[in-house]
Amino acid sequence: MSTTFNSLFPSLEILSDAPSYIRDHTYLFHDPSNNRWICIDKMEVSPRDYDLLSLVYNEVQPSSAILSPEVEKWMRFLNGDGPPPLKDDSEIRAVHLSFARKDVTEVDVREAVEAFFGNGSILLFPSPQQAVLLEQKSEYIHSIDDYISFAAILESDFFIKLKMYIGKFHTADSMYPGQYKTEKQWFSRGISSLPGERIFTMERVFPTFLMDSLSGTMENVLRKEITEPINYDVDMLKTVRLFFENGFNASVTSDKLHIHRNTLNYRLAKFQDITGISVRNFDGALVAYCASLLAIE
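In the working numbering, the protein residues as written are 1289 to 1585.
No lab work stands behind these hints: they were computed from the structure.
Incorrect hints may have been included.
Below, computed lysine-lysine pairings styled on DSS-like, alpha-carbon distance capped at 27 Å [stated by the list, open to error]:
1. K1472 <-> K1390
2. K1375 <-> K1469
3. K1449 <-> K1544
4. K1472 <-> K1330
Full structure from sequences and hints, please.
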């Protein structure tokens, strides 16, 4: 979309998948040439704009599919169109799912969710390749390992590969839809910036946003002090990066790199010899990690 198009419609959203729910106050158009969906607030569309948009794109009408009252309430709430379905002091978190295939059936995912989490979780499908699992805060909080196990079950039992963003618990109030939208954006950024990852959290994606705000001066420092001296050695950069991400655990890092532990120690020692930076302490590891993100992202 051109800059002019965006300036005409500040609420413009470009979606790669057709949403299963159309908000009452928005128009949804399909761009068949690029197979994208365009969502615009009705208040920003004049009758003339509507005629032009309808001429160029195909307007999508609300689906005739009947949503359960509970699902519809949650869809409206998350899109900012309705009140919280829970009492004000309740806390929830959203676990965002993105499927590798477009032919994933809701029945299969729902069956896996009920088998693993029971009937307490709420499963929504904003689009064919995306789902949201809403978890209400209780005495038992599912861990990241629990969700990793859930993803493994989906893959082994239903042949469904997915990526997942595990959000944080927040009060289910009028501010939550903004948090939900932010998490969707962070998930999208994680998928594009860290294509090899499957499980994302705020803290996992945060460094990539941090690198975006890095000044040119700081980028030059990292290049001069680290990446240029080691001649942009990708294996060495991946090694220091994984060593940091795995909590300085040499055994786990060497297993993930499929190298002998002696090879790992050799690379870390060589990195220190060349740069003068030890990645066995936090300060040095943090600087090396930032350099790896800058060089091999």
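The hints, checked one at a time:
Restraint check: the Cα-Cα separation between K1472 and K1390 comes to about 19 Å, which is no more than 27 Å; the hinted pair holds. Taking the CA atoms of K1375 and K1469, the gap is about 21 Å. The hint holds against a cut of 27 Å. For the hint linking K1449 to K1544, the alpha-carbon distance of about 20 Å falls within 27 Å, and the restraint holds. Only pairs whose Cα atoms come within 27 Å are accepted, and K1472 paired with K1330 is accepted, the gap being roughly 23 Å.
Every hint from the earlier list agrees with this structure, and none is contradicted.
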